[in-house]
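A.B. asks: Generate coordinates for the entire structure from the input sequences, incorporating the hints supplied.
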Amino acid sequence: MIFRFWYFIRETFVSLWRNLSLTLAAILTVAISLALVGSSLLIREGADQATAQFQEGVEFIVFMNADALENQNEAIRKVLDTSPAIKEYVYVDKFAAYEEFRELFVDKPELVESVTPEIMPPSYRIVPSDPDADNVTELARQFSEQPGVKEVATATEAIRQIEDFSTRVSQALLVAAIVLVAVSAVLILNTVFTAISGRKTEIEVMKLVGATNWFIRIPFMLEGTIHGLMGAGLAVPALFVVDSKVLAYFQESEAVPLFRGFAVPDGFVWSTSIWILVIGAAIGMIGSAFAVTRYLDV
Amino acid sequence: MIRFEAVTKSYKGTVVALREASAEIQRGEFVFLVGPSGSGKSTFIRLINREEVPDAGKILVAGKDISSLSSWKVPYLRRQIGYVFQDYKLLPKKTVIENVAFALEVIGRPRPIIKRQVPAILELVGLSKKADRLPEELSGGEQQRVSIARAFVNRPLILLADEPTGNLDPATSVGIMRLLDRINRSGTTVVMATHDRGIVDSMRRRVIELDRGILVRDESRGVYE
Ligand SMILES: Nc1ncnc2c1ncn2[C@@H]1O[C@H](COP(=O)(O)OP(=O)(O)OP(=O)(O)O)[C@@H](O)[C@H]1O
Ligand SMILES: [Mg+2]
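Read top to bottom, the protein sequences are chains X and C.
Sequential numbering from 0 applies to the first sequence in numbering that gives the first Met the number 0.
Sequential numbering from 0 applies to the second sequence in numbering that gives the first Met the number 0.
Just so you know, these hints were derived from the structure itself, not from any lab.
On a predicted model such as this, the values are computed, not experimentally measured, just so you know.
For every residue, glycine included, the Cβ atom is placed at its ideal position computed from N, Cα and C.
Just so you know, nobody snuck in bad clues.
Pairs of lysine-lysine residues, derived as BS3-like cross-links and limited to a Cα-Cα distance of at most 30 Å, are as follows:
1. C:Lys92 - X:Lys199
2. C:Lys128 - X:Lys199
3. C:Lys63 - C:Lys88
Not the full set, but computed from the structure, chain X residues with beta-carbon under 10 Å of chain C:
4. Tyr6
5. Glu203
6. Val204
7. Met205
8. Lys206
9. Leu207
10. Gly209
11. Ile215
C.D. replies: Structure (structure tokens):
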């Protein structure tokens, strides 16, 4: 068995080396397509995280200034408690806000260190009686005029912005990725086919001396799988770059307040990476399986 | 060892390469297949190791009906059958010893067995001294010996040879025939297709003659015509 293992490894790498240019093309295409798949997943996750505050009917959030006066808070609370337009609300004080922030950026201690509870804006998460968009917009406008209010983020606006953005970007990436995944499967099929045609005599002899079909197929399938894995291996660092550069760019942007929540936990980047490796191996296996069943039949 | 029962084989529906051929070959026999070009000799040989499947009739090899053999069992049938080609089919980038070892490697034989059997078989075919040469550095006769070594290294029950001397001069052919004779005397059944009148006439073994797919003659100790 050990001996067979080395036989397969040797045959696989000899073949990889023989078709170097095709091999590189296949590997790079896999890498690019999987980097796109991964980015699309990261952006989705970022959007989910950013919109997580708007749950259970919360339609808008009133952010107070960190240094809002107690009587300014009193005034807001009085409106909230008495207005028939408000169904319920939750007050998130600066400590709770800080806790949430810490949880969100648990993998970015430098970011957590840069803030203190003192500078976190306290907020009211508000469930209106009537979640109609026009009504929410009107309520939000009223609250934004109150003294001590920093800004009002409405779910309809903010979520729509973020979701529009993330849906559009991640769908565009996904479409491109699917096309490229198909292209890379075909490229791998082609590489494996070339490898097969380069070894016609060898395969013929193997069949005639009684090698089993799987014994003949395995090196070729291994070759395709390794192409897929190598491509995925290149895509993984690209994901970390996307996470640390692109998503970080959104987090720093002032244009849309909610983008600041646009972060994905490091754990998610790792689990996405594992998926990418699995998908890469699968592309390689499927591409080469096609090649061997089509071109290697007894 | 090999039994054909009214075997018919045609290619692409039109050419009938073998028509209701029946023959029984005993263990340890040496059989020449003769006949003009296109008479069905190669087809006869390819049917024995299941490279082709008959359209009608039955083929038994070592007591098993191989016409109904499921395809995953075919490799195991072939491990009992050595095959020698007219054009040797050696792998050009492998040395003599590697070419022979290859046949055992790809059927998963353990390395100690390979290490023991390959040098022994090279000794038998008289190529021990050229074990590390590449095929292109050998004469045609030597290449054919390598090919025979590869076919015989797993000690098959049956050795099939399709015009093994077809590319060789008469003197070299005699050497190859001595080798095949020796292999036959060790108990291996040999079936050999040939156009070489001299060889058939001098060896006086069983001769099966085909003509346009029909088995027209079957003589023990026969001659070419
Ligand atoms: N793979 C194939 N496809 C179609 N026809 C074939 C095939 N192989 C052989 N034939 C035909 O079957 C007939 C018998 O061929 P076969 O190769 O068995 O003859 P042969 O006796 O070996 O001839 P030769 O002495 O020239 O080698 C011929 O008419 C040949 O053209
Ligand atoms: Mg022939």
